[in-house]
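Number of protein chains: 2
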Amino acid sequence: MFGDMMGMMGKLKETQQKVEATKKRLDTVTLEEKSNDGFVAVTITANREIKKIAIDDSLLQDKEQLEDYLILTLNKAIQNATRVNETELGAVAKEGMPNIPGMDSLFK
Amino acid sequence: MFGDMMGMMGKLKETQQKVEATKKRLDTVTLEEKSNDGFVAVTITANREIKKIAIDDSLLQDKEQLEDYLILTLNKAIQNATRVNETELGAVAKEGMPNIPGMDSLFK
Numbered sequence: 001m002f003g004d005m006m007g008m009m010g011k012l013k014e015t016q017q018k019v020e021a022t023k024k025r026l027d028t029v030t031l032e033e034k035s036n037d038g039f040v041a042v043t044i045t046a047n048r049e050i051k052k053i054a055i056d057d058s059l060l061q062d063k064e065q066l067e068d069y070l071i072l073t074l075n076k077a078i079q080n081a082t083r084v085n086e087t088e089l090g091a092v093a094k095e096g097m098p099n100i101p102g103m104d105s106l107f108k
Numbered sequence: 001m002f003g004d005m006m007g008m009m010g011k012l013k014e015t016q017q018k019v020e021a022t023k024k025r026l027d028t029v030t031l032e033e034k035s036n037d038g039f040v041a042v043t044i045t046a047n048r049e050i051k052k053i054a055i056d057d058s059l060l061q062d063k064e065q066l067e068d069y070l071i072l073t074l075n076k077a078i079q080n081a082t083r084v085n086e087t088e089l090g091a092v093a094k095e096g097m098p099n100i101p102g103m104d105s106l107f108k
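Going down the list, the protein sequences come from chains E and H. Mapping the first sequence onto our numbering, position 49 (from 1) lands on 49, and the numbers just tick up by one. Mapping the second sequence onto our numbering, position 75 (from 1) lands on 75, and the numbers just tick up by one.
In isolation and in its complexed conformation, chain E is listed as follows (with noise of 0.2 Å):
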């Protein structure tokens, strides 16, 4: 029992030391995304931090369609790069894990 807590915990940390690996190289996972007719193109991180704006000069002529435009294009960047994260970060997270039925549902 002693040395299975033993062995648990050194997969715990290892498990850890994996997770911020991760976390780092996701720094250099970069995303694209753009509104339909690509006036709004956004650029963006697997760790969600936004590199790029990108606005068509047409769109300054209307200031709320413009807002519109970036919520929209942003949420979708947003959504697409936390599923990135969550998938690289939740298979780290899994393999690393005590096998207990229904605990990697935790992580997703």
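Note that these hints are calculated values from the structure, not bench results. If you're wondering where the values come from, they're calculated on a predicted model, not measured in any experiment. Keep in mind that the hints are not guaranteed to be accurate.
Identical copies look the same in the list; a pair holds intra-copy or inter-copy alike.
Stated by the list, open to error - With a straight-line Cα cutoff of 30 Å, these simulated DSBU-like cross-link-like pairs (lysine-lysine) come out:
#1 K23 - K63
#2 K23 - K11
#3 K94 - K52
#4 K52 - K76
#5 K63 - K13
#6 K94 - K18
#7 K76 - K18
#8 K63 - K76
#9 K51 - K18
#10 K23 - K34
Given the coordinates of chain E, assemble chain H onto it according to the supplied hints.
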């Protein structure tokens, strides 16, 4: 041992339900972030969904400045939302975890 396992599974199921309930509740928690001069204001939920972007007319004259303001203010808003999200969900998950030293750090 069998009893322990059943108790652990029951607790995990309960935790999953609490996590789901917390996620739902975080949809109703909104945070506001503004640029220093207040020319860009962003409203975001604790689940990182942007609800509102308000741009001052003056920023429409300079697209590059507008894009820079948006990136800065949005990233601050997303970071704040993430902090609230992780604090709230982390507290629920930690409470429901079997007590293994080091495990809680996986939820940070």
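A quick look at each hint next to the structure:
| no. | hint | verdict |
| --- | --- | --- |
| 1 | K23 - K63 | neither (36 Å within a copy, 32 Å between copies) |
| 2 | K23 - K11 | both (18 Å within a copy, 29 Å between copies) |
| 3 | K94 - K52 | neither (32 Å within a copy, 35 Å between copies) |
| 4 | K52 - K76 | both (15 Å within a copy, 14 Å between copies) |
| 5 | K63 - K13 | neither (50 Å within a copy, 47 Å between copies) |
| 6 | K94 - K18 | both (11 Å within a copy, 20 Å between copies) |
| 7 | K76 - K18 | both (28 Å within a copy, 27 Å between copies) |
| 8 | K63 - K76 | both (20 Å within a copy, 22 Å between copies) |
| 9 | K51 - K18 | within (25 Å within a copy, 34 Å between copies) |
| 10 | K23 - K34 | both (25 Å within a copy, 27 Å between copies) |
The structure does not agree with the numbered hints 1, 3 and 5 stated previously, though it agrees with the rest.
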